[in-house]
Amino acid sequence: MRVQSSIKLTMSGFTLMEVMMVVAIVGILAAVALPSYQSYADRAAYADVVSAAVPARTEVDLCVQIRGADECNAIPAQPGWSVSEMVNNVSIDMEDENFLVTVVPSDTRAGIDGEDTYVLRGVPQGGSLQWGVDEASGCLAASLC
Numbered sequence: 001m002r003v004q005s006s007i008k009l010t011m012s013g014f015t016l017m018e019v020m021m022v023v024a025i026v027g028i029l030a031a032v033a034l035p036s037y038q039s040y041a042d043r044a045a046y047a048d049v050v051s052a053a054v055p056a057r058t059e060v061d062l063c064v065q066i067r068g069a070d071e072c073n074a075i076p077a078q079p080g081w082s083v084s085e086m087v088n089n090v091s092i093d094m095e096d097e098n099f100l101v102t103v104v105p106s107d108t109r110a111g112i113d114g115e116d117t118y119v120l121r122g123v124p125q126g127g128s129l130q131w132g133v134d135e136a137s138g139c140l141a142a143s144l145c
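Residue numbering for the sequence shown follows the numbering used here, beginning at 1 and increasing consecutively.
Because the hints were derived from the structure by calculation, they are not lab data. There may be inaccurate statements among the hints.
[Claimed, not checked] Per label pair, the in silico range of CB-to-CB distance:
# : residue 1 : residue 2 : range
1 : Gln130    : Ile25     : 43 to 51 Å
2 : Gln130    : Ala47     : 43 to 51 Å
3 : Glu97     : Ala33     : 43 to 51 Å
4 : Ser51     : Ser143    : 45 to 53 Å
5 : Asp113    : Ser36     : 31 to 39 Å
6 : Val26     : Thr58     : 30 to 38 Å
7 : Val133    : Gln78     : 20 to 28 Å
Glycine included, each C-beta is placed from N, C-alpha and C at the ideal position.
Using the sequences plus the hints, can you model the full thing?
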């Protein structure tokens with residue numbers, strides 16, 4: 001006599017539909033996150049350009065505090081101010097008694113080009129300068145600063 005055993009086999013694992021849904025969700029999340037990450041990476045790389053303005057700004061601040069704003073109209077840019085592969089040029093100019101520190105980035109990184117300038121405007125107020133990003137900065141339109 002033969003004994004029949006009724007062993008029920010249970011299947012385990014994921015169905016094809018479940019796997020496809022997970023892949024679709026991951027794809028949607030990646031499509032949303034990747035542009036945000038790229039924008040973040042560009043702004044992080046642009047920090048070198050912003051940092052290059054600090055020595056020139058400090059030079060102007062010191063000149064204004066020591067000699068007064070009227071005596072600081074011809075501050076030469078120093079070659080060491082633009083020591084970075086991200087920076088092409090740093091300059092100091094005057095416009096209507098306001099000081100302009102302009103940093104021109106190099107074209108070494110995708111997403112940042114020479115038109116994305118960083119311009120700081122120093123406005124004399126009571127023996128010191130109030131600094132802010134000038135509206136002529138190309139980085140404002142590119143959302144880099």
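Now for the hints, and whether the structure bears them out:
| no. | hint | verdict |
| --- | --- | --- |
| 1 | Gln130 with Ile25: 43 to 51 Å | holds, 49 Å |
| 2 | Gln130 with Ala47: 43 to 51 Å | violated, 22 Å |
| 3 | Glu97 with Ala33: 43 to 51 Å | holds, 47 Å |
| 4 | Ser51 with Ser143: 45 to 53 Å | violated, 18 Å |
| 5 | Asp113 with Ser36: 31 to 39 Å | violated, 21 Å |
| 6 | Val26 with Thr58: 30 to 38 Å | violated, 48 Å |
| 7 | Val133 with Gln78: 20 to 28 Å | holds, 22 Å |
Hint check: violations occur at hints 2, 4, 5 and 6; the rest are consistent with the structure.
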